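As you go down the protein sequences, you meet chains A and B in turn. Residue numbering for the first sequence follows the working numbering, beginning at 1 and increasing consecutively. Residue numbering for the second sequence follows the working numbering, beginning at 201 and increasing consecutively.
Wrong hints could be hidden among the right ones.
[As the list claims (entries may be wrong)] Using 20 Å as the maximum straight-line C-alpha spacing, the simulated PhoX-like pairs for lysine-lysine come out as follows: (1) A:Lys115 to B:Lys251; (2) A:Lys115 to B:Lys261; (3) B:Lys251 to B:Lys261; (4) A:Lys103 to A:Lys115; (5) A:Lys146 to A:Lys103; (6) A:Lys103 to B:Lys261; (7) A:Lys115 to A:Lys146.
[Claimed, not checked] A few chain B residues that face chain A, going by a derived Cβ cut-off under 8 Å, partial list only: (8) Phe209; (9) Glu213; (10) Ala216; (11) Ile217; (12) Thr221; (13) Gln233; (14) Gln238; (15) Ala258; (16) Ala260; (17) Lys261; (18) Leu262; (19) Glu273.
Worth flagging that the hints you see were computed from the coordinates, not collected in a lab. If you're wondering where the values come from, they're calculated on a predicted model, not measured in any experiment. By construction, the Cβ of each residue, glycine as well, lies at the ideal position given by its N, Cα and C atoms.
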Amino acid sequence: MAVTPNYSWPVPVDTDLVKDGAEAIKDLGDAIDSTVFGLPSGGLTLITTATFSAVSNFSVNSCFSATYNNYLIIGSTLTNALRDVGFRLRASATDSTTGYYGKELQNYAGAPVSKSNASAGFYQVANTTDQGLVTVTIQNPFAAVKTSWFSNGIAGGGGTFFCNQTSNTHDVASSYDGFSLVPTTGTMTGTLTVYGYRKS
Amino acid sequence: MTTTKTEVFIFGECDAITGITTIREFTADEITQRKASQVEAVARETEATAKADARTSALAKLSALGLTQAEIEAL
């Protein structure tokens, strides 16, 4: 009996008897099963991807659940006139419109901007002519506790380069299964992808 | 004759379980909420502009006192 070079699974050698083949296959299968069962299962799982065009608001429903505690949301090619795109949590297709606190650092408006008990948290950044990228790391949206998230965004280029970093808390201890992007003016076009971080 | 153009707000909504995206017009409540958000945004921009103006003014006064740019940046 020989073994494979990487995982040392048992395999027959050329001189082993054919009549022992069934046992050899069984041993090999058991060894593979044992190895695969023990492999780490962490990482990101794709939950959904949505594309939208020229909408005044975009919501994703039923993307948060008890399966995950932490999520990564990636917004791509987002375009909007004001760059002031808010983020709301929602439950059963209804936005929560109070209790958002946040701080935003950015390169396009000078001083940091705050939100206190606002109707939406920070998401941003978008731009009228150049495609933007925003990542949101959000914790515990589904659990009935306060939800927090960071967002980082870039848009534009050259002389019209925009970037921001935001920190947010939704000070409402309720469960939410979705979120909305809510610009204060104009429309948005882009793509959203939601991933869940596996718990183990 | 004067005509008034009414802005139409489009609401996009995706269900992560079915993968289906639906498009509809805003409800009256959603239009009201959006207008409230616009008021919030204007207030934030006003606050940010005021802070930026105050900083510019403070820097000018420090410079007038004789501080160099390096000294101001070290504060």
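Against the structure, the hints:
1. A:Lys115 to B:Lys251: Holds, at roughly 15 Å.
2. A:Lys115 to B:Lys261: Roughly 30 Å separates the two Cα atoms, so the pair is violated.
3. B:Lys251 to B:Lys261: 15 Å, holds
4. A:Lys103 to A:Lys115: 6 Å, holds
5. A:Lys146 to A:Lys103: Given pair Lys146 of chain A, Lys103 of chain A holds - Cα atoms ~16 Å apart, limit 20 Å.
6. A:Lys103 to B:Lys261: 28 Å, violated
7. A:Lys115 to A:Lys146: Holds. Lys115 of chain A to Lys146 of chain A sits at ~16 Å (cutoff 20 Å).
8. Phe209: Holds - the Cβ of Phe209 of chain B comes within 8 Å of chain A, reaching about 4 Å at its closest.
9. Glu213: At 5 Å from the nearest chain A Cβ, Glu213 of chain B passes the 8 Å test, so the hint holds.
10. Ala216: At 4 Å from the nearest chain A Cβ, Ala216 of chain B passes the 8 Å test, so the hint holds.
11. Ile217: 5 Å, holds
12. Thr221: 6 Å, holds
13. Gln233: Holds, about 6 Å.
14. Gln238: Holds: closest Cβ of chain A sits about 5 Å from Gln238 of chain B, inside 8 Å.
15. Ala258: Hint violated; Ala258 of chain B Cβ to chain A Cβ min 12 Å, cut 8 Å.
16. Ala260: Constraint on Ala260 of chain B not satisfied, violated at 15 Å.
17. Lys261: 17 Å, violated
18. Leu262: 17 Å, violated
19. Glu273: Hint on Glu273 of chain B: violated, closest Cβ of chain A at ~16 Å, above 8 Å.
Hint compliance for this structure: hints 2, 6, 15, 16, 17, 18, 19 are broken, all remaining hints hold.
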